[in-house]
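In order, the protein sequence lines correspond to chains A and B. Anchor point for the first sequence: position 46 equals 46 in the numbering used here, and the numbering is continuous, going up by one each time. Anchor point for the second sequence: position 39 equals 212 in the numbering used here, and the numbering is continuous, going up by one each time.
Treat the hints as calculated values from the structure; they're not laboratory data. Please read all numbers here as calculations on a predicted model, not as lab measurements. Don't take each hint at face value.
Stated by the list, open to error - Which chain A residues face chain B? A few, computed with CB under 10 angstroms, are given here:
| no. | residue |
| --- | --- |
| 1 | D133 |
| 2 | F141 |
| 3 | A163 |
All C-beta atoms, glycine included, are put in the ideal place defined by N, C-alpha and C.
Number of protein chains: 2
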Amino acid sequence: MADRLTPRAREIVAAARDLLEESGPDRLTMRTLADRLGIKAPSLYKHFPDKHAVEVELVVQLLTETAEVLETAEAGAPGSLEALAGAYRGYALAHPHLYCLGTERPLPRTELPAGLEDRAALPLLRVCAGDTDLARAVWAFAHGMVVLEIHGRFPADAELDAAWKRGLRALHP
Amino acid sequence: MADRLTPRAREIVAAARDLLEESGPDRLTMRTLADRLGIKAPSLYKHFPDKHAVEVELVVQLLTETAEVLETAEAGAPGSLEALAGAYRGYALAHPHLYCLGTERPLPRTELPAGLEDRAALPLLRVCAGDTDLARAVWAFAHGMVVLEIHGRFPADAELDAAWKRGLRALHP
DNA sequence: CCGTGAGGCTAACGGCGTTAGCCAGCCTGG
DNA sequence: CCAGGCTGGCTAACGCCGTTAGCCTCACGG
Numbered sequence: 001m002a003d004r005l006t007p008r009a010r011e012i013v014a015a016a017r018d019l020l021e022e023s024g025p026d027r028l029t030m031r032t033l034a035d036r037l038g039i040k041a042p043s044l045y046k047h048f049p050d051k052h053a054v055e056v057e058l059v060v061q062l063l064t065e066t067a068e069v070l071e072t073a074e075a076g077a078p079g080s081l082e083a084l085a086g087a088y089r090g091y092a093l094a095h096p097h098l099y100c101l102g103t104e105r106p107l108p109r110t111e112l113p114a115g116l117e118d119r120a121a122l123p124l125l126r127v128c129a130g131d132t133d134l135a136r137a138v139w140a141f142a143h144g145m146v147v148l149e150i151h152g153r154f155p156a157d158a159e160l161d162a163a164w165k166r167g168l169r170a171l172h173p
Numbered sequence: 174m175a176d177r178l179t180p181r182a183r184e185i186v187a188a189a190r191d192l193l194e195e196s197g198p199d200r201l202t203m204r205t206l207a208d209r210l211g212i213k214a215p216s217l218y219k220h221f222p223d224k225h226a227v228e229v230e231l232v233v234q235l236l237t238e239t240a241e242v243l244e245t246a247e248a249g250a251p252g253s254l255e256a257l258a259g260a261y262r263g264y265a266l267a268h269p270h271l272y273c274l275g276t277e278r279p280l281p282r283t284e285l286p287a288g289l290e291d292r293a294a295l296p297l298l299r300v301c302a303g304d305t306d307l308a309r310a311v312w313a314f315a316h317g318m319v320v321l322e323i324h325g326r327f328p329a330d331a332e333l334d335a336a337w338k339r340g341l342r343a344l345h346p
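Using the sequences and the hints given, assemble the complete structure.
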């Protein structure tokens with residue numbers, strides 16, 4: 001992960017992330033990205049083969065930070081699914097554009113650091129005591145809640161805290 | 174809904190749907206859509222103000238058919254959440270591109286037929302005996318399972334039937 | 001001192017959504 | 001019977017997108 005990118009490439013990814021989080025995926029453009037760095041769009045191709053490669057690095061950040069957030073939550077309240085779920089929800093809602101970018105398309109698994117995907121999944125699997133079916137169900141529930149909330153799918157007056165509690169209580173009594 | 178669109182507009186929407194379901198959102202282009210109809214792209218603007226308006230009609234189809242599918246499932250097995258969930262999953266996986274198009278962005282509520290959104294939600298609310306928090310949790314679970322499966326997020330060897338059962342059993346004992 | 005690679009640049013291509021403006025044919029009212 | 005307007009096509013073009021080709025400058029190592 002240290003030598004995964006050159007320093008300049010890291011600057012580019014950082015700018016891409018700022019752009020994405022500030023303005024959403026529509027404004028994450030090779031031209032606006034270059035603008036922000038004070039260079040021209042074609043110069044970006046000296047550092048990344050295409051736009052997709054830049055986005056992959058953002059997905060790596062999402063997965064890494066998700067893993068960190070979940071590990072921290074687990075350390076603070078071992079065995080607590082509520083703590084894990086709260087951390088997941090909080091992180092996702094704090095970075096909605098990044099969350100959607102990394103989530104609403106197939107995972108570029110071959111381009112990811114080895115073990116990263118598993119690392120992000122482990123805390124939940126531990127709190128489910130190794131029950132993978134349950135872990136997948138909980139993950140689907142949490143992901144569904146987050147994306148539906150991000151996209152404004154619930155009624156404006158929906159009590160989402162209550163729905164979270166209701167779901168978590170059912171899934172992990 | 175009958176006079177919602179002119180006949181020609183309905184043909185355009187039908188072609189758009191074919192294109193979307195066959196080839197995915199990237200190929201749902203004003204030019205390819207026009208091609209399929211034997212006309213040129215600018216002519217489409219005689220029937221719709223912009224591409225978004227065409228997509229809204231596809232979302233209307235998704236919501237309408239979802240409502241129908243759920244109502245049918247409910248009629249066949251009243252009170253069964255499993256039947257509802259199976260119908261939902263089956264429909265979504267049969268139309269993955271349409272499902273994602275209608276689901277992975279804010280709902281254009283003001284442009285939808287009145288009552289359609291509620292109608293699609295009602296069967297689930299009934300099976301949850303009016304418990305809206307539970308209904309939202311179940312919806313989030315089902316949506317999460319479907320989109321994660323569509324985007325290949327689960328491991329290739331995941332037993333998704335088991336995860337569905339596990340989640341449904343927990344949420345609706 | 002020269003060569004080379006790193007990292008910029010401009011020009012351009014094809015595809016996208018969209019607009020402006022033109023035109024053929026049909027339907028209707030006087 | 002024909003004049004006018006509406007319907008639904010068309011071409012040309014604009015500005016944006018990702019991307020490629022090809023050029024230039026400069027630092028650094030042999």
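Inset, instruction - Could you tell me which of the hints above the structure violates, numbers in ascending order? - result: none
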